[in-house]
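As they're listed, the protein sequences go chains A and D. Take the first sequence: its position 105, counted from the start at 1, is 105 in the numbering used here, and no numbers get skipped. Take the second sequence: its position 11, counted from the start at 1, is 1011 in the numbering used here, and no numbers get skipped.
Source of the hints: derived by calculation from the structure; they are not laboratory data. Hints may be right or wrong, so weigh each one.
Straight line, CA to CA, 30 Å or less: simulated DSSO-like cross-link-like pairs of lysine-lysine [unchecked claim]:
(1) LYS1061/D <-> LYS1147/D
(2) LYS92/A <-> LYS147/A
(3) LYS1141/D <-> LYS147/A
(4) LYS141/A <-> LYS1147/D
(5) LYS92/A <-> LYS1061/D
(6) LYS1062/D <-> LYS141/A
(7) LYS61/A <-> LYS1141/D
(8) LYS1061/D <-> LYS1141/D
(9) LYS141/A <-> LYS1061/D
(10) LYS147/A <-> LYS54/A
(11) LYS1062/D <-> LYS1092/D
(12) LYS1092/D <-> LYS1061/D
(13) LYS1147/D <-> LYS1062/D
(14) LYS1062/D <-> LYS62/A
(15) LYS1147/D <-> LYS147/A
(16) LYS1147/D <-> LYS1054/D
(17) LYS61/A <-> LYS1147/D
(18) LYS1061/D <-> LYS62/A
(19) LYS1092/D <-> LYS141/A
(20) LYS141/A <-> LYS1141/D
(21) LYS1141/D <-> LYS1092/D
(22) LYS1141/D <-> LYS92/A
Here are some of the chain A residues that sit facing chain D, going by a computed Cβ distance under 7 Å [to be verified]:
(23) ILE59
(24) ILE60
(25) VAL64
(26) GLY66
(27) VAL70
(28) LEU88
(29) CYS117
(30) ARG129
(31) LEU135
(32) ILE139
(33) TYR150
(34) GLN151
(35) ILE157
Just so you know, even glycine gets a beta-carbon here, dropped at the ideal spot from N, CA and C.
There are 2 protein chains.
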Amino acid sequence: MDSMNILRAFPLLSSISQTDLTALSSLLQARHFSQGENIITEGEDSDDMYLLIKGTVDIIKKTVFGDTFVVATIDDSMHSVFGEMALLDHDKRSSTVNARTDCETLCIDRVSFDRFCQEHPEGGVKLLRFIGVNLVRNIRKENENLKMVYQALIEEIEQS
Amino acid sequence: MDSMNILRAFPLLSSISQTDLTALSSLLQARHFSQGENIITEGEDSDDMYLLIKGTVDIIKKTVFGDTFVVATIDDSMHSVFGEMALLDHDKRSSTVNARTDCETLCIDRVSFDRFCQEHPEGGVKLLRFIGVNLVRNIRKENENLKMVYQALIEEIEQS
Chain A
1 MDSMNILRAF
11 PLLSSISQTD
21 LTALSSLLQA
31 RHFSQGENII
41 TEGEDSDDMY
51 LLIKGTVDII
61 KKTVFGDTFV
71 VATIDDSMHS
81 VFGEMALLDH
91 DKRSSTVNAR
101 TDCETLCIDR
111 VSFDRFCQEH
121 PEGGVKLLRF
131 IGVNLVRNIR
141 KENENLKMVY
151 QALIEEIEQS
Chain D
1001 MDSMNILRAF
1011 PLLSSISQTD
1021 LTALSSLLQA
1031 RHFSQGENII
1041 TEGEDSDDMY
1051 LLIKGTVDII
1061 KKTVFGDTFV
1071 VATIDDSMHS
1081 VFGEMALLDH
1091 DKRSSTVNAR
1101 TDCETLCIDR
1111 VSFDRFCQEH
1121 PEGGVKLLRF
1131 IGVNLVRNIR
1141 KENENLKMVY
1151 QALIEEIEQS
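Let's have the full structure, built from the sequences with the hints guiding it.
This is the structure:
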């Protein structure tokens, strides 16, 4: 499978034009991570977005008590991207992404992403719309999680 | 203040070109809501995004127990938009937006928004990027809320 077909398999990129995909691919940098390595570390300043080409990663969060827990595991069959939040708002990383196996990724930094959106706005609209829908899904999931934990809290208070 | 200046005061629209703003403004529909009326109702299928031109609204959520609580109050001085989640993913409304006072809004439906992004991709990139950053902020806030409620739950369990 050539590199264009690899990219086309990502839902993020499935609908952008060939010209835009070629331009975007020239901005993507290949990065390898060894098993156990952090690709992204919670709290750090960095703004790359990653496409997971090969391998499996754990998305890990810290509780207020400093414990960590795995919130999701992503493998390459899912053609997922991660790191899109800091790509957009340039704030600190909200979770750690740890390589559960050796991983091959393609990444794009914020400056290159913004340049692509400016120079290829039709492609930019498609990327930003896709990312936006994913963010909305995350908010809806967080809402549900919040409701569940809140319910557990109320029940615990009522029992005590 | 003419209508273009009213629109320009919205951070969402502050950086789009005059041509794009004119095109967008022709897609916006003025809608009035009386005090006490729901502009958006949690759980319903609708996909308009609203610009709050005049008045004050409460954003209201339901708990799993069916109680409601105000999560935020927005007034026209904030030049805020709401309803952008369903605009993007076309899923059910995640909160109720209730007119605390008589309100004047401008709204755009999903089909018109998508058409604008397609026909004016430079403007579309700017709108989607702005909405994306807002969504990221909401996720970060939800993360903090989840941590706080989780902490309260753990402390309650340990005390009981």
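How the hints compare with the structure:
no., hint, verdict
1, LYS1061/D <-> LYS1147/D, "holds (19 Å)"
2, LYS92/A <-> LYS147/A, "holds (25 Å)"
3, LYS1141/D <-> LYS147/A, "holds (15 Å)"
4, LYS141/A <-> LYS1147/D, "holds (15 Å)"
5, LYS92/A <-> LYS1061/D, "holds (28 Å)"
6, LYS1062/D <-> LYS141/A, "holds (15 Å)"
7, LYS61/A <-> LYS1141/D, "holds (15 Å)"
8, LYS1061/D <-> LYS1141/D, "holds (15 Å)"
9, LYS141/A <-> LYS1061/D, "holds (15 Å)"
10, LYS147/A <-> LYS54/A, "violated (35 Å)"
11, LYS1062/D <-> LYS1092/D, "holds (14 Å)"
12, LYS1092/D <-> LYS1061/D, "holds (13 Å)"
13, LYS1147/D <-> LYS1062/D, "holds (19 Å)"
14, LYS1062/D <-> LYS62/A, "holds (27 Å)"
15, LYS1147/D <-> LYS147/A, "holds (12 Å)"
16, LYS1147/D <-> LYS1054/D, "violated (35 Å)"
17, LYS61/A <-> LYS1147/D, "holds (10 Å)"
18, LYS1061/D <-> LYS62/A, "holds (26 Å)"
19, LYS1092/D <-> LYS141/A, "holds (13 Å)"
20, LYS141/A <-> LYS1141/D, "holds (14 Å)"
21, LYS1141/D <-> LYS1092/D, "holds (21 Å)"
22, LYS1141/D <-> LYS92/A, "holds (13 Å)"
23, ILE59, "violated (12 Å)"
24, ILE60, "violated (13 Å)"
25, VAL64, "holds (4 Å)"
26, GLY66, "violated (11 Å)"
27, VAL70, "violated (15 Å)"
28, LEU88, "holds (5 Å)"
29, CYS117, "holds (5 Å)"
30, ARG129, "holds (6 Å)"
31, LEU135, "holds (4 Å)"
32, ILE139, "holds (6 Å)"
33, TYR150, "holds (5 Å)"
34, GLN151, "holds (5 Å)"
35, ILE157, "holds (6 Å)"
Checked against the numbered hints above, the structure breaks hints 10, 16, 23, 24, 26, 27 and satisfies the rest.
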